[in-house]
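Residues per chain, in single letters:
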Amino acid sequence: MLKRLLDPLSGVHVPHRKNTALMEAVRMPPPATVVIPTVMHIGAPAKPVVKAGDKVAVGQLIAESGGFISAPVHASVSGTVKKVEDIVLSNGRSAPAVFIESDGEMRPYEGIEKPKIESLADLAEAVRASGIVGLGGAGFPTSVKLAIKDIEQAEYFLINGAECEPYITSDTRTMLDYTDLVERGVRRISNFLKPKAVYIGIEKNKPKSIAKLKKRFADDPHIIVKGLPPMYPQGGEKVLIYNTVGRIVPEGKLPLDVGVVIMNVTTLANIEQYIETGMPLVEKLVTVDGSAVKEPKNVFVPIGTKLGDVFEFCGGFKEEPKKVLYGGPMMGTAVPDLSAPILKNTNAILAFTEKDAAYHEETPCIRCGNCVNHCPMRLNPPAIAKAFNNKDGAELYKQRVNLCMECGACSFVCPAHQPIVQRHKLAKTIVRNWQNSQKGGKA
Amino acid sequence: MEQKDSKLIVSVSPHIASGRTTKGIMLDVIIALIPALIAGTVIFGLRALLVAAVCIASCLAGETLFNLITKRKHTIGDLSAVVTGLILALNLPASIGIYPAIIGSLFAIIVIKCLFGGLGKNFANPAAAARVMMLLAFTEAMSKTAPIQLAVDTVASPTPLAIMKGAEGTLPAITDMLLGLRGGAMGETCAVALVLGGLYLIVRRVITWHTPVVYIGAVFVLSLIIDGNIEAALYQVLSGGLLLGAFFMATDYVTTPTTNLGKAVFGLGCALLTVLIRRLGSYPEGVSFSILLMNLFTNYIDKATRRKPLGEVKA
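Listed in order, the protein sequences are those of chains A and B. The letter at position 275 of the first sequence is residue 284 when you use my numbering, and the numbering goes up by one with no holes. The letter at position 161 of the second sequence is residue 182 when you use my numbering, and the numbering goes up by one with no holes.
Below, computed lysine-lysine pairings styled on DSSO-like, alpha-carbon distance capped at 27 Å: (1) 329/B / 395/A; (2) 335/B / 395/A; (3) 329/B / 437/A; (4) 324/B / 434/A; (5) 221/A / 235/A; (6) 125/A / 56/A; (7) 327/A / 28/B; (8) 92/B / 395/A; (9) 434/A / 28/B; (10) 123/A / 154/A; (11) 262/A / 335/B; (12) 434/A / 335/B; (13) 329/B / 142/B; (14) 142/B / 44/B; (15) 262/A / 329/B; (16) 448/A / 434/A; (17) 56/A / 123/A; (18) 306/A / 28/B; (19) 235/A / 205/A; (20) 28/B / 331/A; (21) 437/A / 324/B; (22) 324/B / 400/A; (23) 329/B / 434/A; (24) 437/A / 142/B; (25) 27/A / 364/A; (26) 437/A / 335/B; (27) 407/A / 434/A; (28) 142/B / 407/A; (29) 400/A / 329/B; (30) 395/A / 94/B; (31) 142/B / 395/A; (32) 221/A / 27/A; (33) 364/A / 44/B; (34) 400/A / 437/A; (35) 434/A / 142/B; (36) 158/A / 123/A; (37) 400/A / 335/B; (38) 56/A / 92/A.
Calculated from the structure, these hints are not laboratory results. It should be emphasised that the depicted structure is a prediction, and the values quoted were computed from it without experimental measurement.
Just chain A, with the same shape it has in the complex (with noise of 0.2 Å):
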């Protein structure tokens, strides 16, 4: 506590623009077809199961997980797979997606039927099943988690409803909408965890969700609801563990390493709806927003629904969109056209006017140090432009620019509009090159 006083991380303070926090989550009516990409998690693509012809129904399985780091995919309509094709997707990588026309019945598969939990073994496998990653954007493949083989490794087992991202209300109706799968999801996953505290964070912009959450726990002072300071980056992982228990996570180590379990907040939600009803991941609760949105709102779409179709239900758009993001503004993804599907890991979905897309011209950095002043992670970004741009692998390494977790807040405050975070992404790259060689070298 005293040395988060003493030395507390740093942050941005970006706008909220938290639009749709009062707007209770509809679900939209299913696409005409949705593309159910294999990849929607970090790790190895799920192999498809279905061929075109395959008559498949809400959550039946349609790609098998592909490795220990991979997910399980399922249909999320009821309908004929029209074809199994690669596509692109937004991050540059291709891989095979299934295209499903639905029959608008959004029928349920028959074979679906609660998984029976009695150990946390029980656990992590159900949740492997049921397909579900980190929902919070990372796409981590939470049984991966799970699979803790000393359970007195887990001292604390954090929830991560901070919700940081500028827009983004989808874990915030989680929270009040669904408090009770929440509520009955934290005692339930606690309970095989037998950790020795549970935090819940939430920052301080969303007073509503830490007070009911906080009146749903108040029985039990292991559970403790902790509202966060409204600074960006809250959510980010180590951010979290280091402002909640105060712990940091070394280089190159898991949050487990640390005693930590930690998990977002509608992820904790969907997996507790699985157990309870056994239908695998195949929605997502999304948040439509953005200046060239004509109704945001929060939605229920159906996994693989594309952009175009969620837009078109949220009243289409005000004036011509300009960039279409997965995710919010400091870390989305730019997505190249309308046609690129909600991931499981989405969960908003912006769109902005060309007005808010302009492009920033690039002006010499006038070292003000904003950046190195404004680092979560405390990295240097001068010194990294620096080593990156004499392509020395060494010095990179020695910056840490692996730890660099591209939250933006370097960017954001950047007077000269430099391209921080790709310039850190790209390094990550000649630091990998430059271990590799190294590892070449001594063999």
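Start from chain A and add chain B according to the hints.
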């Protein structure tokens, strides 16, 4: 919705910015310097304005000319040349000749800034370097001080620092020191105006408190230790170019450290050098020399005060 809409912009995150720009920062610095310019004009007469205009125009012309000759993009729109010209002007006595002012400005902008690669690349503070160069090249003109228009007898008197070092004359009252009714460069005398401008920059978060507070504070404490007298220490703080230097030159982004700890170290170094030069050097004033010398250490201070990345494990 099937047709490909290729008109969407694809770029790397983040997709929003704080709205702060280099130009905006420079504008804030200019705004912060205006009280000192007004004070200088009131105290030393309209010639102060003329000197400022000449310096700013020379800096703008110098940078434009350099960019034309070297076929670079024009950069005066970022207002940094205006800031350089204005700070240099405030560092000159209002009585300075027009030609020395032009030469000093061109030296600051072309030799110190443009030749090192332009904005963000120079290692030395252009205004401090030009002031020092002019002190060597135009020693007499630079050491004179324009007559104070507001005084009863408009006679030029030596600067308080020169008086403290033994020149003939009487020290102005402390209120005159605060208001700037004393000999010196046109923009360095009015403490009230400089502190006002400095506070504006801190409130606007253009600069942090670290450099000015440590610099000014350390000069005060060191003088107090040496003289054992609060009044003498106060005179040290209010004399010479300390306030102008501490708020506006030792805080120049480009030539000073980026970390907050580094800024404090930089301020402390400047204070030590300033006191040392004022006490032992042959020049009465040492602020520009100190800042210039400390500029050389910026890179090392930055390295020594590097923040430990969160979770860094030493190999």
